[in-house]
Every structure is written in C-alpha cells, then in structure tokens.
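Q: Single-letter residue listing:
Protein chains: 2
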Amino acid sequence: MLSKSQIKLITSLKQKKYRQQHGLFVVEGLKTINELLQSSFELFKIYTTEHNKFDANSYNTDKEIVITSSELKRISFLSSPNTALAVFKIPSFKKPENSGLILALDDIGDPGNLGTIIRLCDWFGIKNLICSNQTVDCYNPKVIQATMGSITRVNVNYVDLQEYLKNTNLPIYGAFMEGENIYQKQDLNNGILVMGNEANGISTTIEAFISEKISIPRFGSLQATESLNVATATAILLSEFKRRD
Amino acid sequence: MLSKSQIKLITSLKQKKYRQQHGLFVVEGLKTINELLQSSFELFKIYTTEHNKFDANSYNTDKEIVITSSELKRISFLSSPNTALAVFKIPSFKKPENSGLILALDDIGDPGNLGTIIRLCDWFGIKNLICSNQTVDCYNPKVIQATMGSITRVNVNYVDLQEYLKNTNLPIYGAFMEGENIYQKQDLNNGILVMGNEANGISTTIEAFISEKISIPRFGSLQATESLNVATATAILLSEFKRRD
Chain A
1 MLSKSQIKLI TSLKQKKYRQ QHGLFVVEGL KTINELLQSS FELFKIYTTE
51 HNKFDANSYN TDKEIVITSS ELKRISFLSS PNTALAVFKI PSFKKPENSG
101 LILALDDIGD PGNLGTIIRL CDWFGIKNLI CSNQTVDCYN PKVIQATMGS
151 ITRVNVNYVD LQEYLKNTNL PIYGAFMEGE NIYQKQDLNN GILVMGNEAN
201 GISTTIEAFI SEKISIPRFG SLQATESLNV ATATAILLSE FKRRD
Chain B
1 MLSKSQIKLI TSLKQKKYRQ QHGLFVVEGL KTINELLQSS FELFKIYTTE
51 HNKFDANSYN TDKEIVITSS ELKRISFLSS PNTALAVFKI PSFKKPENSG
101 LILALDDIGD PGNLGTIIRL CDWFGIKNLI CSNQTVDCYN PKVIQATMGS
151 ITRVNVNYVD LQEYLKNTNL PIYGAFMEGE NIYQKQDLNN GILVMGNEAN
201 GISTTIEAFI SEKISIPRFG SLQATESLNV ATATAILLSE FKRRD
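Protein chains in written order, with UniProt numbering: chain A, 1 to 245; chain B, 1 to 245.
Hints in this document: simulated from the structure, not taken from any laboratory. Using N, Cα and C, we set each Cβ at its ideal position, and we do this for glycine too. Don't take every hint at face value.
To be verified - Here are the simulated DSSO-like pairs of lysine-lysine, each with C-alpha atoms no more than 27 Å apart in a straight line:
id : chain 1 : residue 1 : chain 2 : residue 2
1  : B       : Lys213    : A       : Lys242
2  : B       : Lys45     : A       : Lys73
3  : B       : Lys242    : A       : Lys185
4  : A       : Lys16     : B       : Lys142
5  : A       : Lys185    : B       : Lys185
6  : B       : Lys213    : A       : Lys14
7  : B       : Lys185    : A       : Lys242
8  : B       : Lys89     : B       : Lys16
9  : A       : Lys8      : A       : Lys127
10 : B       : Lys142    : A       : Lys142
11 : A       : Lys242    : B       : Lys95
12 : B       : Lys31     : B       : Lys45
13 : B       : Lys142    : A       : Lys31
14 : A       : Lys14     : B       : Lys73
15 : B       : Lys242    : A       : Lys142
16 : B       : Lys142    : A       : Lys73
Claimed, not checked - Which residues of chain B face chain A? A few of them, derived with a C-beta cut under 7 Å, are:
id : residue
17 : Ala56
18 : Asn60
19 : Ile210
20 : Glu212
21 : Ser215
22 : Phe219
23 : Gly220
24 : Ala224
25 : Thr232
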C-alpha cells in the first residue's frame, strides 16, 4: 500500500529540482533496475507488483514494497508501466580522471541523446563524460531509460565547461560542419572530444578552446541533410578514435 | 475555421490504418514543412496561424488555411505545437534500384530510430532503404519529425524482406554481436547491409540469407553494455562502408 507522501515524493522526482533536493532518482524497466541493483548505486526503495522478481542477493529486501498494478500506474513515468519501479540514491560525483579519451558535451538538451551517448561511452570504454552545466540532467528518467544500464559504468560530471577546458593541457577536438576530414586525419590522440548542442552546435565561447576542428564528410547530394543527429555523430567519431587506438 | 470533419481527418492520421486509407500524412515543424514544400511531395493542406509563413512560390496558397493557436492545439500531435501543421499525400513507392549500398531493416520498431536512420541514409548518400513489412511506418509523425526533412531524399520501400533477399545476387552483410571485426575487414563492397530489430537483432529467417556477418568491436570492460542502439550502430557501419569507397 502506497501512502500519499510516498506518491508525492516519487512523482516529484520527474523534476530535476526535486531530484537534487532529495538526492534520489527513478529507474524503470526490469533490465535497467537489475543492472543498478548489481552496481554500486545505493537502493532507496523498490516498488514491485510481485515478490522475488529480482535477485534477492543483490539488495536488501526490506526496501521492497509490493504494490498493485494500479498503484504502479500512479507513480510510473511511462505510459505503459512495467511491473516495477525503483528509486536509487544519486551518488556523489567522482572527479574526472585525465586518462584515455574524454568526451565533453556542450549543452546537449535531449534526454534520449544524452542516454544514447552514455551507452556509447560504455561501449567504447570512455570512462569520463563531462557535461556542461546546461546539459540535460543524467538522472532525468528518460536519460536513465536510454542508457540501458550504462549509467552504472560511466562517470558523468557536470562542470563549468569553459573553466574545465581552460585548465587542461590535453588536446581538445571539436566536431564542426567545417573541420578536418576525420577519415583523412593522421593523428587522433587521446584528449577531449567536444560535441555541441543539437540546434546550435558548439558555442562560440567553447569554440575558442578547440585546438583541432574535425568533421564527418557528407556523401549525399548537395541538397542532403545539413547535419547528423548528435548521438549518431558521436558514434561515428568515437568509432574513428577507437579503431586507431 | 476548422470543421469537425477536418479535425477528425487530421487526428485520424496518427494511425497507420487511416494514413493508408486516406493516402495522407502529417508534418509538423517549420523546417520540415519547408523541406517538403520544396520537394516533389504533393501538398494536401497547410494549416497555419499566420499567412506568408512559407515561400509562396513553393506551393499553391489556395491550400493554406489560417487557423487560431487553439485550433492548432486540437489537431497537433505535439505537446507543444508549432505554428503550422501540413498534410501531404503519401507518394507511390518507387522500386528500389540495385545500385550503390542498400540498407535493409528487419523489423525496426521505434519511430525515432527509423527517422534517425533515414537521416543517416541521406547524409551518406544511401538512396534505397528497404524495410521489412513489420518495420514501423515511415509516415508515422514521429518518424517524419526525426528525419528532419530527409524523407524527401531517401527512397523508402516496404517489402517482404525474405522474398527480397531471396531474389538478389548482391552480397548481403548483416550486423551481429559475433561477426567479423568491421575495422579489420578487407573487402566491404556495395551490396545490402541488414540491421536487426532493437530487442532481438536479425531474425533467424533473415539470418539464413546473410553472406557476411560483421560486427562493431566493443572497447569497454567485460561488464559493458551488451549492445549499441540500432541507429548508432547503423551510423558506425555506414561510416565504415563509405570511408573506404
């Protein structure tokens, strides 16, 4: 049985303000809940329509609350809710390490794009993802869903991107419409790769810090689409950096 | 002023059944409407909150109906409607050409993924996209929105994929978790590249037709995500085929 205050708390977590206030975020989807239970993320509460849905060794079952499907509907953020919803504690951010390739995002706004990019980082072994403070919150439920569990393996940091880039000695690559052809570029070394906002690309203040402008060549006709979606462009660039490692 | 029957017609176009019955589909977003007006797609009606929003040379202005913002809200499929909505006629499918690289989709279910893949085809100059009959409809409003206008430059065909592959002499590549490392593969020639469903990958009936299984290597830890999102995997594979062209 769900109390009114529990319902109020859970549904409030749709908003970043309340996630930050309570230090909690919501996870839906059995696969993703399972991945988080197996990870170092700390469980707050798990709401499920039946007992024993998850590996009892992976969490403290005192934190499990059995609810009805209609109760789940009231707290779920999905139009077709699953059979469980979990609330986890937001971990404290770990300082990014200056090793390997680092990906930095300049104001990515779409939750699906950020989630897909986190999944790409996981696939390509990118341990550190740096987000500008204006980038969508990685604990947004739509981001969590799109990461498919990869949020547990990628260290996401929110920073003043300008300050961060000012204080590094690493080469800084940036994806631009006009840049060096990525396929022909001889040296692609570890450093920081910056990807820009969906509509505006890399902002002029951040552009000033880019040491190497790179670009994915377009093969379509002159009339072809002006740009790629930022997650697919990130996929191609990470693939190019990594295949040459 | 919108009549009840107009509202009923437009809102019915959310469903594939009615899109097929009327041969019409909805486009929202000023940029995408503009791209379709400039293309060979035939306009049925355009509903806008003000005159002269679009280049009057690009369409028959008799087809323009000025409506109020609240009327637009009633017909829009978006939670935050724009200032115009257009209805276009579904063109007759053009037979796919057997030239260049052809992309084939085995039951892609997510509209955002299909839209992103159509945009990728446009970027990489892939003229023919073959979809299994179970793939989500390319005139679904969410697909159209994600294509960002690229739907006008890619020839999308729905076919019995098994029949289609049975009757070709082209090499058939398929993306699998276990396949030849795409980065090390010597010969990547024009042919058909098959991408599988989001959850299940390429089905066993289609797998029987694949002559070359290829794979994107994973660089993350052993615990890393099992798979990439289908649109990002498509991006990486198209990039690999095209950079060697």
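Q: Next step is simple, just say for each hint if it's right about the structure.
A: Now the hints, each set against the structure:
no., hint, verdict
1, Lys213/B x Lys242/A, "holds, 21 Å"
2, Lys45/B x Lys73/A, "violated, 39 Å"
3, Lys242/B x Lys185/A, "holds, 16 Å"
4, Lys16/A x Lys142/B, "holds, 26 Å"
5, Lys185/A x Lys185/B, "holds, 20 Å"
6, Lys213/B x Lys14/A, "violated, 42 Å"
7, Lys185/B x Lys242/A, "holds, 16 Å"
8, Lys89/B x Lys16/B, "holds, 14 Å"
9, Lys8/A x Lys127/A, "violated, 35 Å"
10, Lys142/B x Lys142/A, "holds, 17 Å"
11, Lys242/A x Lys95/B, "violated, 38 Å"
12, Lys31/B x Lys45/B, "holds, 17 Å"
13, Lys142/B x Lys31/A, "holds, 25 Å"
14, Lys14/A x Lys73/B, "holds, 24 Å"
15, Lys242/B x Lys142/A, "violated, 32 Å"
16, Lys142/B x Lys73/A, "holds, 25 Å"
17, Ala56, "violated, 21 Å"
18, Asn60, "violated, 22 Å"
19, Ile210, "violated, 22 Å"
20, Glu212, "violated, 18 Å"
21, Ser215, "violated, 12 Å"
22, Phe219, "holds, 4 Å"
23, Gly220, "holds, 4 Å"
24, Ala224, "holds, 5 Å"
25, Thr232, "holds, 4 Å"
Violated hints for the displayed structure, listed by number in ascending order: 2, 6, 9, 11, 15, 17, 18, 19, 20, 21.
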